[in-house]
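S.K.: Each chain is listed here by its residues.
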Amino acid sequence: QQQVKQSPQSLIVQKGGISIINCAYENTAFDYFPWYQQFPGKGPALLIAIRPDVSEKKEGRFTISFNKSAKQFSLHIMDSQPGDSATYFCAASLEETSGSRLTFGEGTQLTVNP
Amino acid sequence: NAGVMQNPRHLVRRRGQEARLRCSPMKGHSHVYWYRQLPEEGLKFMVYLQKENIIDESGMPKERFSAEFPKEGPSILRIQQVVRGDSAAYFCASSPWAPGTSGARQYFGPGTRLTVL
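Chains as they are written, first to last, in the working numbering: chain S, 41 to 154; chain Z, 217 to 333.
These are calculated hints, taken from the structure and not from any lab test.
Wrong hints could be hidden among the right ones.
[Stated by the list, open to error] DSBU-like mimics (lysine-lysine), calculated; alpha carbons at most 30 angstroms apart, straight line:
1) S:K108 <-> Z:K287
2) Z:K287 <-> S:K55
3) Z:K267 <-> Z:K287
4) Z:K267 <-> S:K82
5) S:K55 <-> Z:K267
6) S:K108 <-> Z:K260
[Said to hold, decoys possible] Each pair of labels, with its calculated beta carbon distance range:
7) S:N67 <-> Z:K278: 21 to 27 angstroms
8) Z:G232 <-> S:S109: 48 to 54 angstroms
9) S:R101 <-> Z:K243: 44 to 50 angstroms
[Unchecked claim] Sample of chain Z residues facing chain S (criterion: CB under 7 angstroms; computed from the structure):
10) F281
11) G325
12) G327
Yeah, the Cβ is synthetic: ideal placement off N, Cα and C, and Gly gets one too.
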């Protein structure tokens, strides 16, 4: 019940296109859903996060869509750029619980071709 | 404000040796987490510590692995008698959580890449 499933495993998009990565979770108690971006040889960096009381959150070219009833959330990268090429991880946790661990998806390797 | 620091960045050990990984959290952060990332996989939680206390070690292998976060100094992840399967990237994250504030935001260090020969 602690799993977070992520798809696709890899994604190739042309410059200027829209990248879409999907995640599904099982634990309905999760109340914080961040996305992390990781470049090779680096640690994950928080990109954007959402709580289940909103259905969408946008920050620049990055948007999270959240569907509470379906227990799914997705990351949309608009106007994708070669510099966006990285591995993206969705995650979930119990925000209001002290020290709650992050449960990560398996990751999506995004390649944006020039 | 410096970010989360980890050292060494790369560590090579032979089978049977000990590996010590260090993590200095961001200033003001008293919560430390360790995650392991196997090649081509996502991050898996290992242990959560506060100063001088292990709060949740449910993700730690039962043998050979231990962690501490002393009152002074960095958090240490210790792997005894390493085996080839321990080869992975080990990430530390810290959080500023305090009662009444958002607790889930975790800031990750650059990781230590452990290679066991």
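S.K.: Next, verify each hint and record whether it holds.
M.R.: Status of each hint after checking the structure:
no.	hint	result
1	S:K108 <-> Z:K287	violated, 41 angstroms
2	Z:K287 <-> S:K55	violated, 49 angstroms
3	Z:K267 <-> Z:K287	holds, 6 angstroms
4	Z:K267 <-> S:K82	holds, 26 angstroms
5	S:K55 <-> Z:K267	violated, 46 angstroms
6	S:K108 <-> Z:K260	holds, 24 angstroms
7	S:N67 <-> Z:K278: 21 to 27 angstroms	holds, 24 angstroms
8	Z:G232 <-> S:S109: 48 to 54 angstroms	holds, 52 angstroms
9	S:R101 <-> Z:K243: 44 to 50 angstroms	violated, 31 angstroms
10	F281	violated, 16 angstroms
11	G325	holds, 5 angstroms
12	G327	holds, 5 angstroms
Going down the numbered hints, you'll see the structure goes against 1, 2, 5, 9 and 10, while the others check out.
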